[in-house]
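Turn these sequences into a full structure, and let the hints guide you.
For what it's worth, our numbering labels the leading residue of the sequence shown as 1, then goes sequentially.
I should point out that these hints are in silico values taken from the structure, not numbers from a laboratory.
Since we're looking at a predicted model, the values are computed, not measured.
Be a bit skeptical, because a hint or two may be false.
Stated by the list, open to error - With a Cα cut of at most 30 Å, we get these calculated DSS-like pairs of lysine-lysine:
1. K243 - K205
2. K205 - K154
3. K139 - K288
4. K139 - K123
5. K362 - K121
As the list claims (entries may be wrong) - Here are the in silico distance ranges between beta carbons for each label pair:
6. T107 - Y225: 53 to 63 Å
7. I152 - E112: 36 to 46 Å
8. S324 - K230: 12 to 22 Å
From the three backbone atoms N, C-alpha and C, an ideal C-beta is built for every residue, glycine too.
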Amino acid sequence: MDVIRKSRISNFFNLLFCFFILIVSTFCFFIKLSKLYKISSKNIDKISLLISKTIFFRGKLNFNINKKISTNIINNSSKIKIQDLEPNLEVSKDNFKDIPKNPNEKTYKIIEKKICKDGEKYKNVCIKNNTDYKLDIQKLLNKKLNINIINIEKPQILIIHTHATESYLHEDKGYFYESYSPRSTNNSENVTQVGNCIAERLLSKNINLVHDKTQHDSPSFSGSYSRAAKTIKKNIEENESIKIVMDVHRDSMGNRETGKLKTFFMHKETKSAQTMLVIGGGFKEYEKNLSFAIKLQNQCEEDFPGLMRPIDFRIGRYNQDLLSDVIFILIEVGTDVNTLSEAKLAGSMIGESLAKLLENLKEG
1 MDVIRKSRIS NFFNLLFCFF ILIVSTFCFF IKLSKLYKIS SKNIDKISLL ISKTIFFRGK
61 LNFNINKKIS TNIINNSSKI KIQDLEPNLE VSKDNFKDIP KNPNEKTYKI IEKKICKDGE
121 KYKNVCIKNN TDYKLDIQKL LNKKLNINII NIEKPQILII HTHATESYLH EDKGYFYESY
181 SPRSTNNSEN VTQVGNCIAE RLLSKNINLV HDKTQHDSPS FSGSYSRAAK TIKKNIEENE
241 SIKIVMDVHR DSMGNRETGK LKTFFMHKET KSAQTMLVIG GGFKEYEKNL SFAIKLQNQC
301 EEDFPGLMRP IDFRIGRYNQ DLLSDVIFIL IEVGTDVNTL SEAKLAGSMI GESLAKLLEN
361 LKEG
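Printed below as a string of structure tokens:
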């Protein structure tokens with residue numbers, strides 16, 4: 001009789017324990033479904049596995065079902081986390097370049113470098129002379145230009161982009177993915193955004209302009225300069241008041257094997273891209289363009305030391321020979337592994353210094 005009583009008591013407590021474990025298991029299961037993204041899936045899976053083994057140590061079918069459910073939930077969670085990595089930028093998913101196409105995608109390093117003064121120097125000016133011309137930087141800096149920007153309604157400056165689809169990274173990670181392509185037809189993430197920043201600063205100083213965002217390099221990169229020449233002529237025919245044409249680009253240096261180069265300098269504890277002026281020689285009127293570029297670099301370096309890389313003076317036209325009475329400059333803002341925000345900051349500083357330079361020229 002005592003043995004039977006003990007057996008009944010033992011069975012009762014076993015049933016009670018199993019009932020308790022079943023309640024805990026059910027509770028955890030509902031937590032897992034209702035708070036999937038607030039509680040670590042990994043920890044819940046361990047609890048579920050432990051409880052499953054405790055209750056259903058002979059029921060392999062039940063454990064396998066539980067395991068399959070857990071796997072599906074983890075996979076869905078991963079997809080949501082990848083989507084959450086997108087920063088708050090107006091870009092389409094098709095054009096977003098900072099997310100790898102697969103989780104095991106190879107990465108390549110980014111080398112950050114502040115490019116200091118190198119080449120022929122005078123005051124704040126530095127030129128890498130890649131021609132046979134002998135330069136007198138002092139004379140070119142002091143050269144008077146037939147230019148007077150007047151604060152009237154008619155546009156004085158034309159901003160264009162021969163290679164408008166040149167784009168930037170969105171995040172400063174120190175590396176980029178193998179699938180990263182530094183070109184985009186989405187104007188919210190390419191070099192036209194830098195043009196916007198230059199334009200905004202000039203307009204704030206009552207300097208009127210035209211910002212033409214035509215994508216001359218899309219769908220074909222070949223022939224971009226020929227198509228850009230037509231755009232320049234069209235805008236100047238419509239606005240004879242235009243005195244300066246600025247062709248805004250984005251540079252690219254290095255390669256995947258050795259590392260892509262990112263130019264930068266610190267402005268008030270904020271990282272900014274560096275900027276380079278490219279001036280072509282080999283035609284009659286190159287001197288006016290080079291003189292203006294020297295004046296602009298001198299002003300930029302006075303206002304924002306470190307912003308400017310040395311002027312690249314080389315044999316080439318780059319549409320800078322189109323009109324003898326209009327000044328043409330080409331600007332490279334950052335590289336393909338600078339971030340968009342770094343390039344936009346540089347654009348704002350260029351616009352600020354350019355406005356100041358034009359005011360000084362007017363007074364002179």
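key: Unmet hints by their number, sorted upward, for this structure   = Of the numbered hints, just 6 does not hold.
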